[in-house]
Amino acid sequence: MRTPLIALGLMLATSTTALAGPIESACNASARSKGDRAMCACIQQAADRSLDRAEQRRAARFFAEPDQAQQVRMSKSASDNEFWARYRAFGDMAEAFCAR
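For the sequence shown, the residue numbers in our numbering are 326 to 425.
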């Protein structure tokens, strides 16, 4: 009887990981998150409300390479400036939405 329960637990753990969005995955992999999966999931929810999937993938790279964020912020490109405005709005939403 224990074997099916163990298999079910493994399936649920795997499916939860597979459903994580790009921001949540990057957050969980980050040394700064300190293993706070609930916080990373909350940040992903804010991302789902304010960034499309391509923007989420782009923003997720900032967790591993923070210098990229600075490059985008300082860019003179109109598309980078538009993305940065949406990214800032996402950050503000995540801060308000996920405050503890």
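Keep in mind that the hints were calculated from the coordinates and are not lab data. By construction, the Cβ of each residue, glycine as well, lies at the ideal position given by its N, Cα and C atoms. Just to be clear, a hint being listed does not mean it is correct.
Cβ-Cβ distance ranges computed for the label pairs, FRET-style [as the list claims (entries may be wrong)]:
#, residue 1, residue 2, range
1, Ala424, Ser355, 12 to 22 Å
2, Ala363, Lys401, 30 to 40 Å
3, Ala356, Gln396, 30 to 40 Å
4, Pro391, Asp361, 13 to 23 Å
5, Asp417, Asp392, 21 to 31 Å
The hints, checked one at a time:
1. Ala424 / Ser355: 12 to 22 Å: Between Ala424 and Ser355, where Cβ atoms are some 19 Å apart, the hint holds.
2. Ala363 / Lys401: 30 to 40 Å: Holds, at about 38 Å.
3. Ala356 / Gln396: 30 to 40 Å: violated (21 Å)
4. Pro391 / Asp361: 13 to 23 Å: holds (18 Å)
5. Asp417 / Asp392: 21 to 31 Å: holds (22 Å)
The structure shown violates just one earlier hint, number 3.
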